[in-house]
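These protein sequences, in sequence, are chains A, B, C and D. Be aware that the first sequence starts at 0, since it is given in numbering that gives the first Met the number 0, and climbs by one per residue. Be aware that the second sequence starts at 0, since it is given in numbering that gives the first Met the number 0, and climbs by one per residue. Be aware that the third sequence starts at 0, since it is given in numbering that gives the first Met the number 0, and climbs by one per residue. Be aware that the fourth sequence starts at 0, since it is given in numbering that gives the first Met the number 0, and climbs by one per residue.
Do not rely on the hints blindly, as some may be mistaken.
Unchecked claim - Capping the alpha-carbon separation at 25 Å, the derived lysine to any residue pairs in SDA-like fashion look like this:
no.	chain 1	residue 1	chain 2	residue 2
1	B	Lys26	B	Ala246
2	B	Lys256	C	Gln180
3	B	Lys181	C	Val132
4	B	Lys242	B	Asp186
5	C	Lys33	B	Leu217
6	B	Lys26	C	Ser41
7	A	Lys33	D	Pro38
8	D	Lys181	A	Thr265
9	D	Lys181	A	Ser149
10	B	Lys256	C	Ser42
11	C	Lys256	B	Thr216
12	D	Lys256	D	Lys306
13	C	Lys181	D	Pro38
14	C	Lys26	B	Lys26
15	A	Lys181	B	Leu37
16	B	Lys181	C	Lys233
17	B	Lys181	C	Leu155
18	B	Lys26	A	Ser288
19	D	Lys35	C	Pro151
20	D	Lys256	C	Pro151
21	A	Lys35	D	Lys181
22	B	Lys56	C	Val132
23	C	Lys181	C	Ile266
24	C	Lys40	B	Gly36
25	C	Lys26	C	Val132
26	A	Lys33	D	Leu298
27	D	Lys167	D	Thr240
28	A	Lys35	D	Leu218
29	D	Lys167	A	Val199
30	C	Lys26	B	Gly36
31	B	Lys256	C	Met23
32	A	Lys33	D	Thr240
33	A	Lys26	D	Thr240
34	B	Lys33	A	Val199
35	C	Lys233	B	Lys56
36	A	Lys282	B	Gly36
37	B	Lys256	A	Leu218
These aren't lab readings, by the way, just hints derived from the structure by calculation.
4 protein chains.
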Amino acid sequence: MALNNNRIAKDFGFGNVQNQRVRMLNKDGSFNVKRKGLPFKSSFNFYHFLISISWAKFVLLIVTWFTFVNLIFAFGYMWLGAENLQGVDMRSFSRQFLDSFFFSTQTFTTVGYGRISPIGMSANIISSLEALVGLMSFALITGLLYGRFSMPETRLLFSENAVVAPYKGSKAIMFRIANLQKSQLLDVEVSLSVSLFEEVKGERIRSFYTLNLERNTLLFFPTSWTVVHAFDEKSPFYEMTEKQFKASEVELLFVFKAYDDRYFQTIHSTYSYIVTEIEWGAKFTPILSIDDGWPVIDLASINAYLKVSI
Amino acid sequence: MALNNNRIAKDFGFGNVQNQRVRMLNKDGSFNVKRKGLPFKSSFNFYHFLISISWAKFVLLIVTWFTFVNLIFAFGYMWLGAENLQGVDMRSFSRQFLDSFFFSTQTFTTVGYGRISPIGMSANIISSLEALVGLMSFALITGLLYGRFSMPETRLLFSENAVVAPYKGSKAIMFRIANLQKSQLLDVEVSLSVSLFEEVKGERIRSFYTLNLERNTLLFFPTSWTVVHAFDEKSPFYEMTEKQFKASEVELLFVFKAYDDRYFQTIHSTYSYIVTEIEWGAKFTPILSIDDGWPVIDLASINAYLKVSI
Amino acid sequence: MALNNNRIAKDFGFGNVQNQRVRMLNKDGSFNVKRKGLPFKSSFNFYHFLISISWAKFVLLIVTWFTFVNLIFAFGYMWLGAENLQGVDMRSFSRQFLDSFFFSTQTFTTVGYGRISPIGMSANIISSLEALVGLMSFALITGLLYGRFSMPETRLLFSENAVVAPYKGSKAIMFRIANLQKSQLLDVEVSLSVSLFEEVKGERIRSFYTLNLERNTLLFFPTSWTVVHAFDEKSPFYEMTEKQFKASEVELLFVFKAYDDRYFQTIHSTYSYIVTEIEWGAKFTPILSIDDGWPVIDLASINAYLKVSI
Amino acid sequence: MALNNNRIAKDFGFGNVQNQRVRMLNKDGSFNVKRKGLPFKSSFNFYHFLISISWAKFVLLIVTWFTFVNLIFAFGYMWLGAENLQGVDMRSFSRQFLDSFFFSTQTFTTVGYGRISPIGMSANIISSLEALVGLMSFALITGLLYGRFSMPETRLLFSENAVVAPYKGSKAIMFRIANLQKSQLLDVEVSLSVSLFEEVKGERIRSFYTLNLERNTLLFFPTSWTVVHAFDEKSPFYEMTEKQFKASEVELLFVFKAYDDRYFQTIHSTYSYIVTEIEWGAKFTPILSIDDGWPVIDLASINAYLKVSI
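Take these sequences, add in the hints, and give me the full structure.
Printed below as a string of structure tokens:
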């Protein structure tokens with residue numbers, strides 16, 4: 000196949016790397032690239048770690064932190080001597096420790112019932128410090144909870160497969176997307192690129208192309224959208240056979256960009272289809288119907304297609 | 000009527016759906032599309048639920064949560080035995096329960112008066128946990144209150160009706176908008192689309208057009224603005240009669256976009272007029288006057304128009 | 000003077016209003032337009048009121064709220080009877096009230112020393128409610144403090160006067176701006192418009208023009224910038240005399256837009272010069288010098304100009 | 000050397016300043032310009048000071064504030080007379096002061112154990128006020144912690160040196176950048192400018208140019224990117240010798256702009272290379288390889304280059 004003039008220099012830095020066995024872009028939008036050569040901390044961001052872990056892990060971390068800090072302070076009070084805490088049950092070491100520990104939790108959470116209270120300078124300094132640490136911990140948790148909750152979340156639904164369908168006397172790659180949420184998406188802009196392997200002067204090289212779309216902007220996005228790239232003269236797939244297509248290790252790279260009226264921000268979403276996810280000879284069936292005068296979209300059928308000969 | 004070359008492929012995914020009896024776009028900017036086929040949780044966003052409910056419901060939810068959690072913990076303390084709470088009035092079950100409940104509220108809010116205080120490991124663990132739950136609840140409420148308050152709110156005032164008015168020897172659709180707030184709106188950009196039904200080769204189909212506007216950007220937006228679409232040769236309404244207009248089930252879809260200097264963000268607003276909201280043969284009366292040297296805009300008259308023959 | 004083809008339709012909604020005696024745009028970026036016809040609350044935004052008042056007023060409001068709520072609750076406890084608060088000094092009404100009031104402040108702030116504590120269901124319900132109100136108040140204050148502090152603040156320094164200076168064999172309007180802060184402003188874009196009165200066919204009408212600038216974008220904005228509009232053939236001021244200029248009630252409307260690297264947001268700033276603030280026949284003196292190898296900008300001299308004959 | 004038509008008016012306000020001995024743009028993105036002539040407070044922003052200081056200083060400031068405020072209040076209680084605090088150890092002045100101080104910390108943090116509690120109107124007013132100050136302090140700290148954590152942080156890795164390498168039969172300036180973090184950067188846009196000194200009509204003047212790049216946008220930025228400016232006819236470096244290059248006091252000014260999918264915001268980054276950081280006659284060695292089917296980027300080698308003759 001000849002190189003066409005739509006070939007792009009935009010190689011995303013992957014260049015002509017051979018023998019890559021993983022897809023470039025994962026379903027979650029991350030790239031399959033490993034970083035090495037620098038210490039862990041230079042690329043680690045603690046805030047993003049805490050923002051992106053699951054809720055279960057987040058709560059577990061808070062409980063762990065709570066227990067850990069209170070143990071530390073409980074040992075601190077014991078080391079000073081439990082007699083510095085008025086009201087501690089002094090009858091045994093374990094009772095002293097328990098009372099110290101719960102005095103600690105009452106201080107850390109600023110509940111401060113007062114049945115146990117610090118006496119003398121050392122115990123008072125430590126408990127003041129603990130209240131300060133407690134308040135700062137909850138200040139941080141407040142920010143993290145807000146960060147976790149207010150983070151824009153664009154739940155786009157993609158058809159599991161892309162299809163190569165008949166289109167205007169030729170063929171086209173199509174896939175379908177829908178807005179899962181009730182939010183309004185405006186000023187939608189999409190772009191589709193492809194990575195594939197080609198024979199150039201007997202050598203097998205990786206090429207990157209941007210693909211022309213039937214439509215790449217949308218003012219509103221209330222229902223679903225079928226993204227269409229036609230196999231016309233400008234397409235790298237022009238006159239490609241199914242066999243050639245499958246041998247070329249195609250990976251489609253999709254970028255979706257829209258203004259989300261719930262977050263008042265422009266959000267992006269990326270997605271990819273590799274060659275095994277592209278069905279050659281199929282077309283999608285409609286998912287919009289009218290029910291009692293209302294348009295209804297059936298999201299469960301977003302991947303519904305029929306095999307057709309092309 | 001013949002199709003003209005301004006016809007757009009941007010059909011917002013509605014395609015050629017017939018028998019739709021609801022307007023596409025509601026006054027609040029949401030689209031009339033029902034989603035089905037996926038479980039509720041896949042499109043539900045808890046944060047946005049809590050951000051967008053009314054203040055009354057929000058406060059009610061907090062009070063309900065507060066009561067519910069304290070009941071749970073009160074039962075917890077009772078189950079342990081009220082004797083684990085020093086200072087509880089043990090004289091009757093109901094007194095024990097009341098004291099347990101209010102010990103719980105004092106712990107949850109971290110007031111901790113201390114008249115009642117936990118004794119022993121179990122009660123102390125539960126009350127520590129409750130203080131933690133309380134602090135996290137208020138951390139969350141802090142974020143939600145901030146989210147509710149700081150959410151950009153663009154209160155545009157639209158004339159209730161659009162009018163078809165005489166314009167430069169022909170006709171034009173006009174409607175009027177004003178900025179309700181004292182905020183400064185800059186870099187305003189608007190666009191107007193239309194959905195209508197046309198006879199094409201004997202078949203009645205839905206078409207979508209973008210409509211040319213007399214002006215579609217504004218540097219400042221201090222007063223009011225009359226949006227004008229002229230019925231010129233490029234308009235789908237060119238030489239349309241009132242009867243044709245009314246039969247075509249016109250729905251105007253309007254998008255407003257501006258930078259709001261109070262939120263430091265670009266905000267969007269959408270609005271629609273259906274055919275019954277468009278007055279054929281009318282023109283708006285002025286709403287700006289000078290009072291003691293000051294320009295004054297009379298927002299109560301934004302929809303004021305006179306019937307005219309066209 | 001003839002209308003030239005640079006005249007713009009962008010009249011900002013002010014149209015051809017006569018006898019306006021106030022400037023259009025104030026120094027703080029707000030427009031001089033009064034709104035009437037709608038109830039106060041439709042344009043009032045409580046959050047923005049609390050965000051934009053001075054710090055003194057903000058603190059005063061918090062202290063007032065604190066006192067007010069505690070008085071309400073103190074009366075509530077008194078109405079129930081002070082005997083429902085264990086530890087209250089019952090010897091006189093005023094002592095009861097004081098103890099009720101300070102029990103209230105201790106509850107509202109969740110300090111809860113416990114010297115006074117509620118007894119019985121009614122007092123416990125009220126004090127639980129008060130703790131809840133207190134926590135929500137401080138949740139709100141937390142958000143407001145963050146909102147007040149984190150609000151982008153672009154302190155641009157403008158020369159007090161614009162000047163009409165000799166420029167390339169003709170004249171130009173110039174004014175000078177500088178970035179007061181150490182923040183980095185990138186991708187700067189500016190635009191300048193003018194409102195003036197002209198004689199057209201014997202009638203005095205208000206016209207609006209956008210003015211061409213010598214330069215209207217800047218990649219970086221580290222020092223100062225002289226904005227220059229030349230009186231060339233396309234300018235509405237072309238061949239205008241000083242007398243004509245002063246009679247035309249010129250008001251320059253300036254919009255500044257830049258990405259602020261401290262807020263990670265694009266910020267806007269507006270400013271205006273009316274005819275009495277424009278010095279005819281003057282030029283600015285340099286404010287950048289080198290001191291010990293370092294460029295130094297003298298912000299105190301931003302308005303320094305010399306009178307010149309033009 | 001003759002001036003070419005790519006010369007730009009964008010002189011960033013530096014104009015033709017001579018004898019500047021510091022670089023224009025520091026590695027941290029700030030410009031080397033001193034501001035004078037205005038009082039400190041006009042350019043000082045307290046929030047940004049607190050947001051941008053190191054964590055160590057931030058914690059130190061909080062601890063200092065905590066100690067300071069509590070000392071003030073402790074003196075306040077002592078001035079009133081420690082007998083207004085029930086439970087204070089009255090045996091000596093120092094014991095009174097310690098108990099007053101720790102009563103203050105228990106009030107400020109709202110722990111309120113209650114072993115010591117205020118008696119009478121004055122002590123109660125002061126302690127109510129202190130609890131209010133405490134809650135507002137922690138409200139502020141909550142906001143600052145969130146601000147510090149949620150601040151977009153774009154850690155780009157730049158090659159320490161730029162190189163002048165052979166390129167398409169001529170030469171080019173190249174430097175290499177990589178994304179240190181796992182975040183996705185989309186819609187990347189870069190621009191490169193240069194400040195240099197030239198002889199024009201026997202006079203040595205500073206000129207500013209924008210430099211054409213082989214590529215200045217990138218859809219994705221998953222790995223690394225070599226920014227390339229070719230010394231073609233339009234370049235100010237066209238046919239420049241190494242000696243001329245070094246005498247011209249070149250400083251490259253780079254602006255990087257991308258959408259960061261973790262912050263849902265467009266972020267900017269600036270960087271500069273001065274002449275001593277530009278290696279004449281060198282080319283970068285590859286840093287991307289395949290390990291077990293995975294692309295691997297070796298960030299430690301980002302500055303790895305070989306000397307070549309050009």
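Hint by hint, which ones does the structure fall short of? 2, 3, 4, 7, 12, 14, 16, 24, 25, 30, 32, 33, 34 and 35
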